[in-house]
Structures are given as structure tokens and as C-alpha cells.
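Going down the list, the protein sequences come from chains A and B. Converting from the first sequence to this note's numbering requires adding 4 to each position, the first position being numbered 1. Converting from the second sequence to this note's numbering requires adding 13 to each position, the first position being numbered 1.
Be a bit skeptical, because a hint or two may be false.
To be verified - Keeping only pairs whose Cα atoms sit at most 25 Å apart, straight-line, the calculated DSS-like set for lysine-lysine is:
1. Lys202(A) with Lys63(A)
2. Lys202(A) with Lys46(B)
3. Lys202(A) with Lys223(B)
4. Lys113(A) with Lys219(A)
5. Lys261(A) with Lys219(A)
6. Lys199(A) with Lys43(B)
7. Lys199(A) with Lys236(A)
8. Lys148(B) with Lys219(A)
9. Lys199(A) with Lys42(B)
10. Lys202(A) with Lys45(B)
11. Lys196(B) with Lys199(A)
12. Lys43(B) with Lys202(A)
13. Lys223(B) with Lys262(A)
As the list claims (entries may be wrong) - A few chain B residues facing chain A, derived, Cβ under 8 Å:
14. Asp18
15. Gln24
16. Ala34
17. Ala35
18. Val39
19. Lys45
20. Arg51
21. Gly57
22. Met58
23. Ile106
24. Gly112
25. Thr117
26. Val184
27. Tyr193
28. Pro230
What the hints assert, rightly or not - Just some of the chain A residues that point at chain B, by a computed CB distance under 10 Å:
29. Ser84
30. Leu117
31. Ala118
32. Val125
33. Ile157
34. Ser183
35. Asp208
36. Met264
37. Thr270
38. Phe291
39. Val293
Quick caveat, the hints were computed from the structure, so don't treat them as lab data. Given the structure is predicted, the values throughout are model-derived calculations rather than measurements. Built from N, CA and C at the ideal position, the CB exists for glycine as well.
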Amino acid sequence: MENKIPPYLIKIADPQYDPASIKGAKLSFLDKTILNSSKAVKSIYLQAENAAKDNFIQKINPTIKVISLIYMAIVISIVSNLRTQLIITVIIFLLFIIARLKLYEVYRKILFLAFIFGFLVVLPAALNVITPGKIIFNIITFNKPSHFLIYNIPQNIGITIHGIEVVSLVFLRVLNSVSFALLVVYTTPFPSFIKSFKSIGVPDIFLMILSLAYKYIFILSRTIEETYFAFKSRLLGNIKNSSIRRLIGGRIFYIFKKSMIIYQDTYNAMVSRGYSGKVVLHSRNHFTVKDVIVLMVIVISGIVLILF
Amino acid sequence: MHIPDGYLSPQTYIPLFGVFAAAVTVAVKKVKKEVSARDIPYLGMAAAFSFIIMMFNLPIPGGTTGHAVGSAVIAILFGPWAAVVAVSVAIIIQALIFGDGGITAIGANCFNMAVCMPFAAYYLFRLFSYGSAKKSRVFFAAFIAGYLSLVLAAILTGIEFGIQPLIASSVDGKALYCPYDLKIAVPAMAIEHLLLFGIVEGVITAIIVKYFLKNEPGLIYAFRKGGKNENE
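Bound-form chain A, shown alone (with noise of 0.2 Å):
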């Protein structure tokens, strides 16, 4: 017998749908917001995916990795020569081939975050008016210097070989420091992450705020998705901002009262498993031969890049 059910009720949706992907498809800056932070979530998914396999790096002792994830940060705002940073940058890269991540994947992201914070927000300390010095690019010509406020416009603005250098240092930096974030995160289980802050004796009650953040924020995510297109979905004509913001509000509180009752349940759920006020590691990271000489080679590599 025929169904009567419309067939756009009965058609099993797409799982690669993706409002955000359609070709002219209009969406709202804060529709756009949501989506993103989803799907930037979802993407720690990613992490523990590949933390888990039974690589060279992936196998190193997390402590290790933390103590060398903060001394080559150090090492990196350091050094403040353009060759030795290149070399740096180099030595990641290989790096990420050893680890055998997604090379493109993980560089995309790499080269976004160094784009935005390394290069656009640096870019103009290129002209002569941020770093003075000998102009190689003329880009404007004023009939005579002038006096603005509190800042001295010269006669030409124009592109400085000082400041090339001091734009490609911030960049390679803010590329170096993330990229080897980014190794160390991607190689290393977050759950790994938080006994090696244990073992360097960060307490246990932020130890455990921290591990509890860290999956609230994935219930907190969905929550807020649904929470969102469900409001949406039920929007019709003009709206006024006030009935918006009273509406947004709303939803707002909706969600901390939901994330009252998870707590709730949450610390029933840690008391009846033994849950007393402090944590306990259940194993220890073992210190190997192997995690020793990889500290040893970090640390003299370290200083080695600094003294280059």
C-alpha cells in the first residue's frame, strides 16, 4: 500500500550535509559563527584520533612532550635570527612526515592561525612610519612631513628592508610556535596531557577543573547547535532585536540550567565511583631509556638553535 507521507519527510539525510558548504547558499554572520565552532570542536575529534597511533612520537612519554612542548616555545621566542628560525621551521615539518600526520590538513590550520596573527596583524610594521630605515618600495608622497595628534607622518611612506625582516621574524615565530604546538597536541591524547601537568605538579583541583572543562565543552557545543536551529527554526517574518536579545538571553540561561543539571549528575556519578576531593592517577608515564636521550637531544638542540 501507498504511503501518504510527503517524500522530503521519508528521504534519509545526506551525513556529508553541510548548510555551510552550498554554492550561494546565504548564511548569517552568527549561523556561520555556530557552524564553525562546531564543526572547530569536533575537530579535537581529530586529535585523539591521531594521538592514538603507534608512532615514533606518538610513543614518547607525554611528560617529555609537555617539558619540551615549553622549553622550545622558549627556545623559539629566543631566537631571534631569520636563518636559524627557517631551520626551525624546517625541523618541524619533518617532523609532522615522522609523526605521519595530515600533512595538508594540519598545515592549513597552521598556516590560517600564522596568516592571521603572524602576518595581517604585523604587516604594516613594513613601512618606514612603524620601522624606519632605508625605503625599498615608495607607496605615497606627501608634499611636506606632518604632525598628527601625537604621531610624525614622513614626507614618504614606503616598504623598509628593516622592517621585511621584522614582519618575517614575527611571522616564522608565530609559525614555529604554533606548528610545534600543534605536533605535540596532535601526537599526544588529552587525557595524557593532564597527568603530565600532575606530574609537574600543577594542582589537583585545577587538574580536575581542566579535565572537566575539556568534556563540557563538547556537551556544551551540541547543546548549543541544537539549542540554536531549534530557536530558528521556529523564527517567522521581521523580528525585533530587543524580542532577540530577550530570546538569546533566554536560551542562554536554558543552557546553563541544563549544564546545572549535568554537573549535578555529574558529581553523583564521581562520588559513587570513590570521588573524595582528590585525584588519583590510575598508571603513571613511565620514563624510558628512549623518552631520557629525547629530552637530552631537545635540550641540547635547543641550545644549540639559540647559540646558531
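Here the structure of chain A is known, so what remains is to put chain B in place on it, guided by the hints.
Just chain B, lined up with the frame of chain A:
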């Protein structure tokens, strides 16, 4: 607002990390004293909430983006010390997982957004609400607390950027870290937060606090600590 790696010299990020570490040590002790074990998951939720708020980036002219922080609302609802712990956790997760904010800059970012901002917001709220639970006054006080505390955090970030050319330059005068001096960094950070992000932070803070006042006034820490209850 999140300072990436490469913009601050060790002379800046090491002392700021020290101040942050001292503040978070005191905060952990205070939170242990003030918050029962039952409420620890609540702080985890607050940290996750701050994290989610910080993910809502607004595009601004010039190709970059900015966002609210959520420190003010957490300080008003949970207390400033709890906010220090919760927002620090959010910033650390962002730096480690998303590469948003540098590893070396964790101390500076936490000092600005997780230490100074919650305290400024909490005391501004107390000052402007004057212990009253009148809706309009609470809304105004929460807005001012969110708005001004974010502008303060932005100005602190601008100062940290702006002192770099003074304290860390090469022999030939080239900037080795953030190249913008105080005359550029402070106005740039202050203006965009005065005109845009401060308002976003203020509105978010005011809307959430207003709803708590209407539905669960007992949960607002700022009122539990010496406020009157004259809900109208």
C-alpha cells in the same frame, strides 16, 4: 585579545607568568575554601562556557577578528577567585588545543583576561549595583562591569605589546618582538574594544545576569556576598 607566541619578549612573559602562577595558587586555595567538592564540576562548566563564548569571533575591519571573554559574567555569578581558575582553564585549553594564544603568552593572557578582568568586573558590578537587586540597575551594572573590564584587559594587552620596542630591540634598533610602540598599540587595542567588543561583552554579561536575577537570584555570588534582595 589573545596574545600569540612571538609578540612578547621573555622579559615580559616570564614575570607575567610568575604573577599569574601566584594568583592562581591563591585562587585554588580560596576556591577550595569557598566552593564545596560538589561545586567543582560547576566550575568546569563555567570554564567550558567561557571557552565557548571566546570561540564566537566577530570579524572586524582590517581582516582580523575579536570576541567576548565571559570573565565578567563568571566573576559575578561564581565570584572573582572562581573566575580566575575557570577562565585560566579556558585560556589554557584554547592555547593547547586550538593554537589560539601562545604557550609562552599563557601567563600574560591569563593575567589580562583571567586575573585582572574578573576582579575589575566583580568590583565594578558591586559598585554600580550598590547592593540593589533592582532589575534596571543590575542590568546597567552588569553591562558596565562587562564593558569596562574588557576594555581594561585590552589596554593591559596594549601596554604589554607597546613596551616591547622599548625593552627588546636589536643593536640597530629593529624590533625583535611586537613592533608597535605604546602610541600605536594602546590606542589600537583600546579603540576597538571601546567601540565594539566591550559592548558585546557588556551586553552578554547584562543579559545573562538579568536572567539569573529573574529566575535564580540565589545563584549570583555578587549578591550572596553582602547584597540586599529587593527584587522588583
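Checked hints:
no.	hint	verdict
1	Lys202(A) with Lys63(A)	holds, 19 Å
2	Lys202(A) with Lys46(B)	holds, 21 Å
3	Lys202(A) with Lys223(B)	violated, 39 Å
4	Lys113(A) with Lys219(A)	holds, 23 Å
5	Lys261(A) with Lys219(A)	holds, 17 Å
6	Lys199(A) with Lys43(B)	holds, 24 Å
7	Lys199(A) with Lys236(A)	violated, 41 Å
8	Lys148(B) with Lys219(A)	violated, 34 Å
9	Lys199(A) with Lys42(B)	holds, 21 Å
10	Lys202(A) with Lys45(B)	holds, 18 Å
11	Lys196(B) with Lys199(A)	violated, 44 Å
12	Lys43(B) with Lys202(A)	holds, 20 Å
13	Lys223(B) with Lys262(A)	holds, 18 Å
14	Asp18	holds, 3 Å
15	Gln24	violated, 11 Å
16	Ala34	violated, 10 Å
17	Ala35	violated, 13 Å
18	Val39	violated, 11 Å
19	Lys45	holds, 6 Å
20	Arg51	holds, 5 Å
21	Gly57	holds, 3 Å
22	Met58	holds, 4 Å
23	Ile106	holds, 6 Å
24	Gly112	holds, 5 Å
25	Thr117	holds, 5 Å
26	Val184	violated, 11 Å
27	Tyr193	holds, 7 Å
28	Pro230	violated, 12 Å
29	Ser84	holds, 5 Å
30	Leu117	holds, 5 Å
31	Ala118	holds, 9 Å
32	Val125	holds, 6 Å
33	Ile157	violated, 13 Å
34	Ser183	holds, 9 Å
35	Asp208	holds, 9 Å
36	Met264	holds, 7 Å
37	Thr270	holds, 5 Å
38	Phe291	violated, 22 Å
39	Val293	violated, 27 Å
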